[in-house]
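Respectively, the protein sequence lines represent chains S and L. For the first sequence, my numbering gives the first residue as 1, with consecutive numbering after it. For the second sequence, my numbering gives the first residue as 1, with consecutive numbering after it.
Keep in mind that a hint or two might mislead.
[Said to hold, decoys possible] Distance ranges between label pairs, derived from CB positions:
no., chain 1, residue 1, chain 2, residue 2, range
1, S, Pro78, L, Leu47, 17 to 27 Å
2, L, Leu275, S, Ala168, 51 to 61 Å
3, S, Val10, L, Glu34, 26 to 36 Å
[To be verified] Which stretches of chain L does chain S cover? Using the computed rule of at least three CB atoms under 8 Å from a CB of chain S, they are:
no., region
4, 30 to 41
5, 151 to 161
6, 282 to 296
Bear in mind the hints are in silico, worked out from the structure with no lab data behind them. Using N, Cα and C, we set each Cβ at its ideal position, and we do this for glycine too.
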Amino acid sequence: MPLLRHGKVVDDCWVFVEDEHELSPGGCLTVSLGRFLSEHDQLLARNEAIGVRLAASDDPALLAPHLDRLRLIELNFPKYTDGRALSQSQLLRRRYGYKGEIRAVGQVLRDQLRLMIRAGFDAMVIEETDAEDVYDFSAHEFSEFYQAASDTSETIFMKRHRKKQEKAAE
Amino acid sequence: MYRYDEFDETMVRERARQFRGQVQRRLAGELKEENFKPLRLQNGVYLQLHAYMLRIAIPYGQLSAKQLRQLAMIADKFDKGYGHFTTRQNIQYNWIKLADMPDVLDALADVEMHGIQTSGNCIRNVTSDHLAGACADELEDPRPWCEIIRQWSTFHPEFTSLPRKFKIAVTAAAPDRAAIRVHDIGLHLKRNAAGEAGFEVIVGGGLGRTPYVGVTVRDWVSKQDLLSYLEANMRVYNRHGRRDNKNKARIKILVNELGEAEYRRQVDEEFANQLAWEKVVLPQEEVDRISAYFAPPKFEKLPVKSDKLDKAIAADRAFARWAKNNLRAHKIPGYISVHIALKAQGVAPGDCTGDQMRAAADIAEKYGLDDIRVAHEQDLALPHVKLDDVPAVYAALKAAGLASSNAGLGSDIIACPGLDYCNLANARSISVSNEIQALFADPDFEDEVGTLHINVSGCINACGHHHVGHIGILGVDKKGEEYYQILFGGRADEKAAIGEIQGPGLKHEEVAPAIRRVIVKYLELRSSKSEKLVDTITRLGQAPFKEALYASA
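Model the full assembly from the supplied sequences, consistent with the hints where possible.
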């Protein structure tokens, strides 16, 4: 399945290692939250890029002390109707200030892309043959938003008055 | 009322265009029903027993004459000439073709309306007191805050894939006409000890298969903190609400399983942890801008009494009865609110024809300051009518078949569509409601019985609010036959309570006679004419009424 990063299909070097499997010596690996928390000294000592895959029920606050060392956080959609990862992403971006990649994995469908982008996802593994077109369309389907979110769009509530102020200044 | 600006307009137009694309993909077979379902649901499109159903949002139940005429046009052009007003102040159409849906959404956008978030696991249309801005007993008009919540919750990026649907209701009056205690979140606009207006936040009420009265999670939150505090509640629910069982996924189950104290602790912690940029605070000029749309209309200075009205009451017994039952006190002298009960004998509760909608629109324009409300009892209301104009309003309503004089009485029944339309239902609701209504065909008898709320649901999902009827009726399926369980003692107002099931279900034809026996028993036992049936049950207990219910005829 293609990986979209900032709307472009890119090669994916990352591999998720199941808990019961040994870590390979090199390469970009993601592990579960439980494994990361119990083995994080060894994992960080590997001096290789490391990421974490959160289950939808995981608390992202547990990653807060380690965020500057993480290159990737994968958030899982067990079903496309399960919106827990949207809260996790908002927390990671807005509360804990995570700047690395947040990637959607699991059941990702085109009609969720706009919400994901707004909630702070910058990458997604998506089952669409024309993934870039789909992304481009979904990302621009709506031009205005009422809510501030992780994509830092200026809200409609604010725009209404900025426009008025600009008009007054003219 | 609120009017869209370029931003609101753009959003609704873009949504209509988006849904047109999704419908095209579905009709072309590119989108499977399974994946189309959550998309159509977010636009209010259900697949029912016989056809698709479209539910249209009427934010906090307010319509202009122009909007109501457009709803009439949709009823006539795309449906079978009628629509159905719901307990959440919305309107549903039962016979619109999927291929026509995009055109209907465009027609709605033309009058600043839509079906956004009227279904699906998101924050639904916010509801309110249908007499908001008119009634004498409210602290202040709650509609600006309803509109602010509407905008904040529209396409919220975090809260559109919740464990289950989420319903918010707001009132600013102590007498609760919006059933806020049986909503996922109920907001009561009231003053704190310092005299400042803010909101009591009630969480976890709801009906369905596990009914609860909501609990007050915070006694008072300031207007400035309202949206941030709502976000804290929504996030706790989105993250921790159950997703393993659809029947246990509403916030009421989370509140109940965690316990009130632990739920409150989690919300308070989340609220306290919000950083400055996570707070949802509208600029004051934006609150002022939205509030200005709800500024009181230019009321005339009028005498408190109207000779014209008094004379008409003295002259016409039928009018006098309608006036006694269907008028509600207004905050401005010389004005009154008119309740239009959509509960004519033999009609499905809440149904309204296109012609009737046009008539109501005309009346509202001529006599009602262009303002029409939908009440959660599946009725309409004209909030602002001059006392002098009431006889003319009555005559016009009567000509349109809209002058049922039963507001708040036994035949003003709340009922879901039931097995006649709904693919969840186990039993018919409309026919059993009509048979109960027939008990009250004699207006003198109905007046003698007085205030009585009878609510009918065709299955345990409780769309007919049977748990909060003074008498509740629940249709069940027993080996392929329709049976009806009877509940006593429920209420949806400020003393909200869940009714109790009395015993074995009754057959369809047994229901109305049994209800009649209960009412006769009430007339015999009540302490005075002013004691409502639900109060007599509270005073004496349910036993005598249960006995009457099951006494063989």
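Here's how the hints hold up against the structure:
no.: 1; hint: Pro78(S) with Leu47(L): 17 to 27 Å; verdict: holds, 25 Å
no.: 2; hint: Leu275(L) with Ala168(S): 51 to 61 Å; verdict: violated, 31 Å
no.: 3; hint: Val10(S) with Glu34(L): 26 to 36 Å; verdict: holds, 30 Å
no.: 4; hint: 30 to 41; verdict: holds (count 3)
no.: 5; hint: 151 to 161; verdict: holds (count 10)
no.: 6; hint: 282 to 296; verdict: holds (count 5)
Hint compliance for this structure: hint 2 is the single one not met.
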